[in-house]
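Undergrad: Residues per chain, in single letters:
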Amino acid sequence: MRVSRGTRLSLRVVALGYLFVLLGVPIGVILWRTFEPGLSEFIASISTPAAKSALNLSLLIVAITVPVNVVFGVATALALVRGRFRGRGLLQAVVDLPFAVSPIVVGVSLIMLWGVNGWFGALDRAGFQVIFGIPGMVLATIFVTLPFVVREVEPVLHEIGQEQEQAASTLGANGWQTFWRITLPAIRWGLTYGVVLTVARALGEFGAVIMVSSGFPGVSQTLTLLVHSRYIDDHNTYGAYAAATLLMGIALVVLLLMTLLDRKRSDR
Amino acid sequence: MITVTSARKQYGAFAALDDVSLDIPSGSLTALLGPSGSGKSTLLRSIAGLEELDSGTVTIEGRDVTDEPPQRRGIGFVFQHYAAFKHMTVRDNVAFGLTIRKRPKAETAKKVDELLEIVGLDGFQHRYPAQLSGGQRQRMALARALAVDPQVLLLDEPFGALDAKVRTDLRQWLRRLHDEVHVTTVLVTHDQEEALDVADRIAVLNQGRIEQVGDPVTLYERPANDFVMSFLGSVAHLGGQLVRPHDIALERDRATALALDAKVPDSPGVIDAVVERVVPLGFEVRVDLRADSGERFAAQITRRDAAELQLREGETIHARAVGRSSVVDHDPALAI
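Keeping their order, the protein sequence lines are chains H and F. Mapped onto our numbering, the consecutive letters of the first sequence carry residue numbers 1 to 268. Mapped onto our numbering, the consecutive letters of the second sequence carry residue numbers 269 to 604.
Treat the hints as calculated values from the structure; they're not laboratory data. Every residue, glycine too, gets a C-beta built ideally from N, C-alpha and C. A hint or two may mislead.
Derived contacts from chain H toward chain F, CB cut-off under 7 Å, selection only [what the hints assert, rightly or not]:
| # | residue |
| --- | --- |
| 1 | E163 |
| 2 | Q164 |
| 3 | Q166 |
| 4 | A167 |
| 5 | S169 |
| 6 | G172 |
| 7 | N174 |
| 8 | L184 |
| 9 | P185 |
Modelling step: build the complete structure from the supplied sequences, incorporating the hints.
TA: Listed below in structure tokens is the structure:
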């Protein structure tokens with residue numbers, strides 16, 4: 001298609017302008033507000049006990065969520081692509097549920113299940129606190145991030161087919177060896193992408209986590225919850241900006257990593 | 269020797285293998301030949317263990333492997349679409365079976381280099397499959413299958429995805445390789461020319477059953493039934509019988525034709541036909557004919573016979589079958 005120079009230029013201006021207004025300006029304002037009082041102020045604000053604990057908690061949740069999603073995500077994707085069993089269509093639909101259900105609903109349902117008066121409330125009464133504790137926040141995060149690995153790995157599995165795995169088995173590899181040496185390297189990039197998306201979502205999840213967190217600063221606040229509470233509860237506007245900047249920094253590192261990996265993938 | 273006994277495999281209502289029994293002698297190069305859906309690939313994959321039989325047994329060199337997974341059958345398998353390990357170099361692809369068996373590194377490297385030389389991929393060690401042509405990939409796949417010293421080599425339409433020239437080259441090459449390596453080889457193909465070209469034995473399959481097994485000459489000259497006859501080589505319909513085009517003789521004189529035909533037992537008789545076209549094919553001449561019944565057939569005669577007959581399009585000629593004019597009665601002694 002041939003596009004005249006004028007059209008091309010105005011298309012660019014519109015696209016860039018759109019991005020600038022919707023993404024650039026808000027991010028720019030936060031960065032400007034964060035670093036306006038100087039770097040030392042920023043560092044002081046993100047190294048309070050509450051901020052440190054929030055960072056640690058966020059990273060802890062990511063550290064638990066990612067391996068769980070990788071193991072179960074790959075297993076689910078394998079079952080969906082390779083399995084021939086009744087209820088596969090149902091499983092296919094269930095995997096997408098977290099995309100469809102509002103996170104706040106996830107939080108409510110978790111409380112109904114694991115809360116003191118819930119179905120599994122006995123656990124809580126026995127002293128193992130799920131709701132308003134770390135386990136509840138991890139459960140909520142796993143729920144909302146569950147589809148990413150499955151949906152990234154699934155099309156890759158479809159594409160590679162089964163012949164390579166069959167070839168490996170005729171060459172003497174057992175199921176486990178075939179998985180590690182053939183299947184896993186083949187789905188590597190899809191899996192990486194799924195992990196990156198999982199990390200980004202786990203860091204940023206708000207709705208589901210706030211429902212099941214007790215929200216005590218320095219105890220059960222993730223970085224995202226900290227931004228919210230500093231702004232709404234403490235009217236500590238600057239502290240909210242600083243924490244948001246830290247959150248963005250981590251997200252930026254993840255995004256950068258993703259782009260680098262993506263470039264590597266397209267090289268092959 | 270590979271022995272398949274009473275193999276059955278059902279896909280829903282479709283019988284891919286319908287009570288198939290087959291012996292494949294050690295050291296032979298056997299082709300499983302048949303149209304698509306005849307069960308030839310299913311039979312090969314059952315020997316490999318990539319497909320599970322509903323009933324029946326498979327033994328390889330005297331060992332019952334029916335319930336063994338592919339990795340414990342001592343086989344090498346080559347796929348139509350190469351099944352190259354895309355994330356590994358050529359060297360790692362070929363070394364795969366040896367790496368799995370934890371052979372010493374030096375031994376593996378030596379063996380891989382030897383095999384790559386045999387298949388003509390010397391110097392390609394560090395390439396990735398994506399950097400090879402189709403023919404090179406398939407030769408790599410062959411080297412990979414041979415690296416583990418399989419008792420039997422199984423090839424599933426190995427040249428099917430290659431273009432005509434490469435296909436012919438590679439099958440000549442496979443024939444020579446087999447003469448050197450002597451590993452029992454089973455090749456699946458739907459191409460009768462390919463089967464006649466490389467195999468020393470052919471099993472013809474149709475609708476999940478084995479129609480006939482034998483050497484190429486027997487199958488061509490003494491087919492067990494119409495299916496085998498029409499699948500191997502071209503045929504003409506003459507008076508309700510199947511005849512090879514070069515087994516048809518043409519006579520100008522009807523009386524001569526009748527006299528000569530009387531000497532041939534069970535012949536379809538003398539057919540009067542109009543010459544529609546005369547096509548010179550180099551050494552031979554193909555004559556397209558139309559019988560009085562309206563049925564069209566072709567006769568293939570030598571250039572000399574054609575010159576003597578002085579055929580012109582539109583004139584009537586008398587066709588008769590010479591030699592064996594139809595399929596022999598199925599002789600069980602020929603089948604195995």
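Undergrad: Decide, hint by hint, whether the structure agrees.
TA: Consistency of the hints with the structure:
1. E163: 4 Å, holds
2. Q164: At about 5 Å, which falls below the 7 Å cut-off, the nearest Cβ of chain F leaves the hint on Q164(H) intact, so it holds.
3. Q166: Given a least distance of 5 Å, the restraint on Q166(H) holds.
4. A167: A167(H) check passes; min Cβ-Cβ to chain F is 4 Å, inside 7 Å.
5. S169: 4 Å, holds
6. G172: With a minimum Cβ separation of about 5 Å from chain F (threshold 7 Å), the hint on G172(H) holds.
7. N174: 6 Å, holds
8. L184: Check failed: Cβ of L184(H) comes no nearer than 10 Å to chain F, outside 7 Å.
9. P185: With a minimum Cβ separation of about 5 Å from chain F (threshold 7 Å), the hint on P185(H) holds.
Checked against the numbered hints listed earlier, the structure breaks hint 8 alone; every other hint is satisfied.
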